[in-house]
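A.B. asks: Heads up: the protein sequence lines correspond to chains A and B, in order. Numbering of the first sequence is given in the working numbering, commencing with residue 1 and proceeding in unit increments. Numbering of the second sequence is given in the working numbering, commencing with residue 1 and proceeding in unit increments.
Keep in mind that the hints were calculated from the coordinates and are not lab data. A portion of the hints provided could be inaccurate.
Unchecked claim - Example chain B residues on the side facing chain A (calculated, C-beta under 10 Å, incomplete):
(1) 50
(2) 78
(3) 101
(4) 102
(5) 133
(6) 135
(7) 138
(8) 145
(9) 149
(10) 151
What the hints assert, rightly or not - Calculated Cβ distances over 12 Å to all of chain A for the following chain B residues:
(11) 28
(12) 37
(13) 124
(14) 127
(15) 164
(16) 186
(17) 206
(18) 207
We treat Cβ as the ideally placed atom computed from N, Cα and C, and that holds for glycine.
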Amino acid sequence: MLRHVPLLTLVVMLGPVVAGLWGTVLPAFGHLPGAGLTGPSLVAMRDLLDWPGLRQAVGLSVVPGLQATVLSLAIVVLVTAGWSGTRAFGVLQRLLAPILSVPHAAAAFGLAFLIAPSGWISRLFSPWLTGWGRPPDLLVLQDPAGLAMTLGLVAKEVPFLLLMTLAALGQVRQEQRLKTARTLGYDRVTGWLKTVFPAVYRQIRLPVYVVLAYSMSVVDVAMILGPTRPPSLSVQIVKWMGDPDLSLRLTAAAGAMLQLGLVVFALLLWRAGEALVARLGSRWIETGQRHFLDRQMRRAGIGLGTLAAGVVMLAMAGLLVWSFAGFWSFPAVLPDSFGLRSWTRHGPGTITALGETFLVAGLATVIALALVLGCLEAEQRTGRTITTRGLWLLYLPLLVPQTAFLPGLQILLLQAGADVGRLPVVFAHLVFVLPYVFLSLGDPWRAWDQRNAVVAATLGASPGRIFWRVRMPMLLRPILTAFAVGMAVSVGQYLPTLLIGGGRVATLTTEAVALASGGDRRAIGVYGIMQTLAALLPFALAIIVPTLVWRNRRGLHV
Amino acid sequence: MSDGLVLENVRITDGGATLIEVDCTVAPGEVLTIMGPSGVGKSTLLSFVTGTLDRVFRATGRVLLDGEDITGRPPHLRQVGILYQDDILFPHMSVGQNLAFGMAPGGNRADRRARIAQALSEIGLKGFEGRDPATLSGGQAARVQLLRVLLSEPKALLLDEAFSRLDTSRRAQIRELVFDMARARDLPVLMVTHDEDDARAAGGPVILLGE
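Bound conformation, chain A alone (with noise of 0.2 Å):
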């Protein structure tokens, strides 16, 4: 039984990416029966190249994308170059974990709230600065060059690099490296960037693929942050999967085929990109130059990356503000009253979302930790570890852009007779919680002591009683942390719960994204805060919970 964990992991992980990538490809060559549409034919790319906004929407998928994917990194290099064994930079550390867990859409919604014409930045410089006495006619949201998108993506991309630059500093053993460096009269930051970068950038190349074709195709934060005339791709395949016109399903189709094509161009693109650096990087080492704008290389790190951890905050901070907000006028900093009359009329609709929300995420988290414990504990019985090439397969779901399979999964589903609905959303989220949850409990999970099991083992303790009464006890603390980060991933996701649920499985990610178009804050901040402290709470009791239960075990404590 144990045996086969691995290989039915993989299935349940990357069948939905194949199954879904073949059912966009049929669709795409205008094949769909079910609409009365048979193929093959060019009909979808015909139309797909006759909409009027393609080159813009394309535009908007590649640019923002390079754009976020360049920034996050430069910011997480700078501040880590700069800043990493600093008291600083622990603080930085430690604001991490809970601005990871904040889902993209409440970050974004946040961040909509303090960059607006009326947000908080504004309201903060007016009248005195700017003179406006009312919000000022500017595009800063869903500006047409996609600024508000990058930025919101960079915010919540920069700890996610910089959570996987700490796991990789570890094992390069950069500390030496720095000192090597720093006694042969290097700066701070050249040094770094001469003896630490390579070898730390080759531990987070892969995640950083994954931030680019991530920001390519986002779809909840291109809808609150992106422009709307024409939206990026992505947006337009989802607005083109929910038109009643069954023909515009092959549009959206032949829409994510393109997708996929300009990912994995930017990838390569990407790929062609880090040669170049590495060359000219290899010809800087051997100049010898020892200082290089340390100071305001260092200036540059710890302000940025103070103000990507900031806006995150504050966004959070606007969103609390907002559901609390009675009337608020312009350019007041904060309402002219509190109240909960917003909570009263949207928290009973929250807390049903969030029932359904916990639901999904519980049995996605739960399926993905059984899985991911059966695999390592496999692993350790036959003693082979993953590979590289299984190190990628762990990272394909996260390299395919959603938009480009989810629409085909959606189409298979339908066809097939399946009905759309909650367990389908559940498999479909499980998905992506799995390689989170194998990324997140693989490093804890093999760097504990061996000689634990020895010796369970020769005082005759079988293999099963080793894992569940030494093993899963002495891991529980990264185990909870394991669960609550697929909690996160589950809480956050949109379009699989839109696609694969048919609309019919409501979670408070889809129902706050749903409130986007209408603009009403004061909704928007209940949901938002709702989704954040859904996201934040498994890492709340990840904490707490072994706390409790080895609170008379010393050996335990971190």
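With chain A's structure known, arrange chain B on it following the hints.
C.D. replies: What follows is chain B alone, placed relative to chain A:
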């Protein structure tokens, strides 16, 4: 049929190169010492005896315990106990639970508890059942580990640098306790160490490696 622990023509290779080669017999109540600097594969040899050899190694030869070939048996069915230099008490169990985990099955709850209390007081740790292992001193932890392995009723005992983390004053004392208790139970003891004092104190045959 010979009693004791027999390593018959055991040879462990690492990618073709021979790491360690041993052919020896440890009689009941005897301590056989394998001495050598770190890196000559002493611990690897012990992991072959416990059945937990890493996949990167290849091993040939047999392990016999009281005349039975245990080479192919899974670790938990070998009845070979091991003590490490580090404290490997399970941190999530109390001292008493650690001992109960190791104690061979059988007997009712009250009976098992009584045996644990009795055993603890015999090694000078009366009333320690409820203690958190993390609060024990190095010497106390070493004694609890010894007790745990003996309560599991092994047929042989392996010592993997078991005393090297203890300070000099404790060291001799714990060493004597281990040897005495093993001898009292007529256990064959296989000890690997890089410390000559350990070998002298064992008083048994010594195999030198890595010269």
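A.B. asks: So, for every hint listed, does it hold in this structure?
C.D. replies: Verification of the hints:
Checking residue 50 of chain B against chain A: minimum C-beta separation of about 6 Å stays under 10 Å; hint holds. A least Cβ separation of about 7 Å between residue 78 of chain B and chain A falls short of the 10 Å threshold, and the interface hint therefore holds. With its C-beta approaching chain A no nearer than about 7 Å, residue 101 of chain B sits inside the 10 Å limit, and its interface hint holds. About 4 Å separates the beta-carbon of residue 102 of chain B from the nearest beta-carbon of chain A, less than 10 Å, and the hint is met.
The beta carbon of residue 133 of chain B comes within 6 Å of a beta carbon in chain A, closer than 10 Å, and the hint placing it at the interface holds. Hint status for residue 135 of chain B relative to chain A: holds, with the closest Cβ pair at about 6 Å, below 10 Å. Hint status for residue 138 of chain B: violated, given a least beta-carbon distance of 14 Å to chain A, over 10 Å. Using the Cβ-Cβ criterion of 10 Å, the hint placing residue 145 of chain B at the interface with chain A is satisfied: the shortest such distance is roughly 8 Å.
Taken as an interface hint, residue 149 of chain B checks out: its beta carbon lies about 7 Å from the nearest beta carbon of chain A, inside 10 Å. The closest approach between the C-beta of residue 151 of chain B and any C-beta of chain A is roughly 9 Å, which is under the 10 Å cut-off, so the hint is satisfied. Remark: the non-interface label on residue 28 of chain B is consistent with the geometry, its nearest Cβ contact in chain A lying 18 Å away (cut-off 12 Å). Distance check on residue 37 of chain B: its Cβ is at least 21 Å (rounded) from any Cβ of chain A, clearing the 12 Å threshold; non-interface status holds.
Every beta carbon of chain A lies more than 12 Å from that of residue 124 of chain B, the smallest distance being close to 22 Å; the non-interface claim holds. No beta-carbon of chain A comes within 12 Å of the beta-carbon of residue 127 of chain B; the shortest separation is about 16 Å. With a least beta-carbon separation of about 15 Å from chain A, residue 164 of chain B lies farther than 12 Å from that chain, consistent with its non-interface assignment. Distance to chain A confirms residue 186 of chain B as a non-interface residue, since its nearest Cβ pair spans about 19 Å, more than 12 Å.
No beta-carbon of chain A comes within 12 Å of the beta-carbon of residue 206 of chain B; the shortest separation is about 24 Å. With 12 Å as the threshold on Cβ separation, the claim that residue 207 of chain B sits away from chain A holds: the shortest Cβ distance comes to roughly 22 Å.
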